[in-house]
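Single-letter residue listing:
There are 2 protein chains.
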Amino acid sequence: MTTKQIAKVETNGTWDGNLKTSIYARDFSPFIVDEPEYLGGTNEGPNPIEYVLGGLTGCTSVMIGLIAKEKNFSFQGVEFKNNGTIDARGMMGVEGVSPHFQSVGFEAIFSTDESDDRLEELKEEVEKRCPVYNLIVDAGVAIESKWYKK
Amino acid sequence: MTTKQIAKVETNGTWDGNLKTSIYARDFSPFIVDEPEYLGGTNEGPNPIEYVLGGLTGCTSVMIGLIAKEKNFSFQGVEFKNNGTIDARGMMGVEGVSPHFQSVGFEAIFSTDESDDRLEELKEEVEKRCPVYNLIVDAGVAIESKWYKK
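Read top to bottom, the protein sequences are chains A and B. Here the numbering used here is used: the first residue of the first sequence is 49, the next is one more, and so on. Here the numbering used here is used: the first residue of the second sequence is 49, the next is one more, and so on.
This is chain A alone, in the form it adopts within the complex (with noise of 0.2 Å):
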């Protein structure tokens, strides 16, 4: 067994009224996390699943551009397309009902030369190391996880 590597992640928010907050992560300009005007936000930033699903596609990709590189898999472009579904009675406090994903589904549509095989081998690979995408498995979220070439 390999020596403890940890990695500490932070940020810091701000609650600026209503529903909406800015996000500090380092120096970068602050993210708005904010809810549409029909739930009673104003609509000035994505919603905090969204961040949750644009993490998830971004941790993917992070792997994947890390692990083709190990493989000396090409490729030359990714598309994603990501869904969440939510019962909005777990927000409501109905119990019996997780607050979080009742289903996520995700596709990566490659643009490459390489055999379905080797989609297949990085697709294994990317979904065992990723941290996003684990985080939603162990929380007993099923992802309909589909890869495949254009």
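Check before you lean on any hint, since a few could be wrong.
Computed footprint of chain B on chain A; a stretch qualifies when at least three of its residues, placed anywhere within it, have a C-beta under 8 Å from a C-beta of chain B [unchecked claim]:
| id | segment |
| --- | --- |
| 1 | 83 to 97 |
| 2 | 110 to 118 |
| 3 | 127 to 135 |
| 4 | 147 to 160 |
| 5 | 184 to 195 |
From chain A, some residues computed to sit far from chain B (all C-beta separations above 12 Å) [said to hold, decoys possible]:
| id | residue |
| --- | --- |
| 6 | D164 |
| 7 | D165 |
| 8 | R166 |
| 9 | L167 |
| 10 | E168 |
Simulated from the structure, these hints should not be mistaken for laboratory data. Built from N, CA and C at the ideal position, the CB exists for glycine as well.
Here the structure of chain A is known, so what remains is to put chain B in place on it, guided by the hints.
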């Protein structure tokens, strides 16, 4: 039991080369996910874990806004501090090491004249109903959560 109230959330993404990805949520400007240069990225935006932590803060903040109204809990401001630790061996594929959080720390610092008991009541209700908070808890991650008055 009430009827299911399923909300669907969708995002799209485009791999922009190397470890960088653009995420599209509704008609907002895309947000950029990247990694710092020392991890092989071009550092053009927060990394995926920072978006997940920001999603946790934003989600908690939305639930604070909604539930404070339900409970007539009055406050003037909230500051959030948020951190997570990851053992990088999980991302490198070392067996038996989770690729996601070893720990998550969360602080919500309120400007409010309400009592500590009322603040504790708000905390319990938010943590019961917040989607992203429960996603992380259900993944088996212990969140060290502290709410207090400024």
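Practice task
Against the earlier hints, flag every one the structure doesn't satisfy and list their numbers going up.
Solution key: none
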